[in-house]
Amino acid sequence: MSDQIINKILETTFTIHDLRQKIRILKNFVGHSLFASQMPLDPEVNNFTSWLEDLGSEFLAQFNQSNYSTLFGEMEKKVESLPNLVIYFAIETTSGQLNSVGKWLRESYGSNFIFDPKYDPSLIAGCAFVWKGVYKDYSLKAKINENHQQILEVIKGTIGSQNT
Amino acid sequence: MSTNTTEVGYVTSSRDFLIHLDGLPSVRPNDIIENESGLRAIVNGLEETQVEALILDSGRVNPGQMFKKSNSSLSLKIGRSLLGRAINPLGVAIDGHGIISDSGPDDKQMSLESQATGIASRQFIRNQFITGVSLVDTLVPIGKGQRELVIGDAHSGKTGFLVDLIVNQKNTDVICVYALIGKPILQVKNLIDVLEANNALDHTVVIAAASSDPAPLIFLAPKTALTVAEYFQRAGKDVLLILDDMGIHAKIYREISLLGDRSPGRESYPGDIFYQQAHLMERAGNFKKEFGGGSITALPVIELNLNDFTTFIPTNLMSMTDGHLMFKANLRSQGQTPAIDIALSVSRVGRQTQNRVQNLLSQRIRQVLAQAAELETVSRFSSELPYETQILLHQKELIEELIKQEPLTFVPLEVQMILMALPFTDLLRDKPVELLRKNKHALIEIFTQDPELNQLSKSLSNLTSDDQLITLLQKSSTKLQQLLKS
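Note that the protein sequences, when read in sequence, are chains W and B. Per our numbering, residue 1 is the first one in the first sequence, and the count goes up by one each step. Per our numbering, residue 1001 is the first one in the second sequence, and the count goes up by one each step.
Zero decoy hints are in this set.
Okay, derived cross-link-like pairs now, DMTMM-like style, lysine to aspartate or glutamate, Cα gap no bigger than 20 angstroms in a straight line:
(1) W:132 x B:1052
(2) W:132 x B:1022
(3) W:77 x B:1047
(4) W:118 x B:1022
Under 7 angstroms between C-beta atoms, here's a sample of chain B residues computed to sit facing chain W:
(5) 1004
(6) 1005
(7) 1006
(8) 1008
If you are wondering where the hints come from, they were derived from the structure by calculation, not from laboratory data. Positions of the beta carbon are idealized from the N, C-alpha and C atoms, including for glycine.
When you get a sec, could you build the whole thing from the sequences and use the hints?
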């Protein structure tokens, strides 16, 4: 059952950070509704009311006092085992841009796909990513490093011609 | 489109110098990984979903940090240019004399983690390792390729003795490798200065990981020392390797293991502590020509706690070596240097390397010392002792005086034999011990420099028994008799 719940959340969630946050919010919201006296409502839940409404009452009805802890335990484990693509961007990305990247990745590589965006301005332009422990650098920085000598010669040539 | 591809892992947890990482799909134990700021770690173990690594540099690591796989594994470039230098276990110079330069085509990149070669590569230990210390060379001899544990209390003169050994090798072809494992930085500096002052650094490589260095670096120190020793051994050299001290090495490994959640065993040491130290000791030995032909004489050192040598690590080390030299602080305070307890010291290999006269003489001395020790108690209660007993006790006193040796002095093997035979001649029979004490240096000098007596010391190789040596000394020149009369 935990797989179905995760898949439902993944329909509108693309980054690992969002996924962890949504599960934490859901856990608090469900916990509050099941054990109101012992679990106060996190004020952050108010920012996710529309998302919780979109999940629907049928979805929330899957949780009860006896399966609450088991289901969330399983879900948290599942999140850590999801295939995770780390993408290094040279610019700070907006949530809209991240959603577009996420949707494209889902369409291209499957529904169970999650990614972890990171910001690395030293890349200058382009991006780098890590998949299954392998780092691939498609950035401008890598290109410059690769052609370091040639670039220096071009610059030297240009400066030389300007001076003459 | 070409790409820069490397393997990376993200730190999932960090405890002091131990980190766990997610990723790095093809790393192997002993591979080096590093983060963006150049902090290096060595892969220590591979778990089902995680990689365990030990941080080698000082610095802080937080979860989420990325480590990249470097192209190097745990190895060291070794050449003759290391002689006279002090390096850390990763091969970085620490003596302030600049970077280590390449020596030439004979330089070799050698892995620090290698298995000891098998029995087929080894040969019988036949040659004596001449220490220049009469007590050791005569009574507890060491063979080239032997592993002899140096064990003793704090302040019993172990380090001084080891420095003497290195200094005494300066006119031989022996290469010395001294590993200082987790010693205070001041001690490291002092040792380098003492060796330099005595012109003994030229044939020595010092490998030091000070107590202030990260624990994994200290743990690597004996591995680096053995690798450097193996380089010279494979070049056909006889190597003296000192590992000072293996007790600290064991404690550091205990720290690493406990941090890595390995279950503790006796005295909280992990189950594989014996393996960790034995596989180092096994790399020493005397090797056949096809395997380089040289030898590694290993002297692991351990400082005892409260004089107790029956604890876990000292007994482990005793069982993986071919004997031990037992140093006692109380002997040193009584004026015996080196403060080696002869009765408690053992050499299981060295005797086979001594010549026949030396061997017989050594047996005779041990017998006298043992008999005198028994009679000494009785003699305290008796006012008049039989003449034979008096002679025996006098011989013991003479021997005890002869085995005392000033630091930084070298006594050639032939002179050692002559000196140790003197108590059994008539020359010293009725002479007080003070006379010997006063003339000991003059005796050594006369036997090495006087042409007539020098000839006598050179003729010892023709003798077949200690009795012949004693007779020869009795008939020796008047110069010797005059010296002992004065």
